[in-house]
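2 protein chains.
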Amino acid sequence: MIQIEPDSEIPIYTQLTNQIIEDIARGNIKPGDSLPSVRSFAADLGVNMHTVNKSYHELEKKGIIQIVPKSGAVIAKHEKVDLTTYEKLKGVMRPQIAEAIVSGMKDEEIHQLVNTIISELKDDQTNQ
Amino acid sequence: MIQIEPDSEIPIYTQLTNQIIEDIARGNIKPGDSLPSVRSFAADLGVNMHTVNKSYHELEKKGIIQIVPKSGAVIAKHEKVDLTTYEKLKGVMRPQIAEAIVSGMKDEEIHQLVNTIISELKDDQTNQ
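Chains as they are written, first to last, in this note's numbering: chain S, 320 to 447; chain G, 320 to 447.
Please note: incorrect hints may appear among the correct ones.
Pairs involving identical chains hold if they fit within one copy or between any two copies, as the list cannot separate such chains.
[To be verified] Once the Cα atoms are required to be at most 27 Å apart in a straight line, the calculated DSS-like pairs of lysine-lysine come out as: (1) Lys409 x Lys349; (2) Lys349 x Lys381; (3) Lys425 x Lys389; (4) Lys441 x Lys409.
Please keep in mind that the hints were generated in silico from the structure rather than gathered at the bench.
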């Protein structure tokens, strides 16, 4: 499911992080599921183990996975967003919303864009 | 108005780009206005000229400024978002919306967050 574009401006570990997050949002990977081991994931994707490791650490920092001895990288469950994550998301979304405004989007169009993204992410969800 | 955090994880040129975009969204800088020359802006901010130059090129690539001979970096006017920008914004916002969902935010909470950001950006707008 993961598609890495080696020629993208976006670093490979960020592509991997983003795609794992999107797969969880889509419901393809669920809380309690384990991600593959660093070694096997790197082999499957044809990327460096260091890249997968960096991505897992980023996901752990974001609170999206927990590194559990023996089980590996386990998807965490979040019923409610915590304040730190909320503030971080606000910080990263602000420049992009500002860019949308500057590029000529009306408030309503920005909300429609958000709806489009949410719909696309939830398109293939079966039980959420 | 621009505040650079040298110790941030975010590269300085990106901080500069984001803050210029936010200042335009806020209406502090208006279409037709010119940004300072690279040399004087770099001196004011206490950063390398190369950093300001990189930020201006990024803004130009985003269609937010036009580099005009003699006038320098002029803020472009956008009445309506173009499709390329829309698709780019969709691409950069998707991982963040996915992260919001994964972190436990409901659709309605994501829209409220977007509203909060828009309100904060437009807080000190006087004539828009």
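### Query
Hint by hint, which ones does this structure get wrong, listed from lowest number up?
Violated hint (a single one): 3; every other hint is consistent with the structure.
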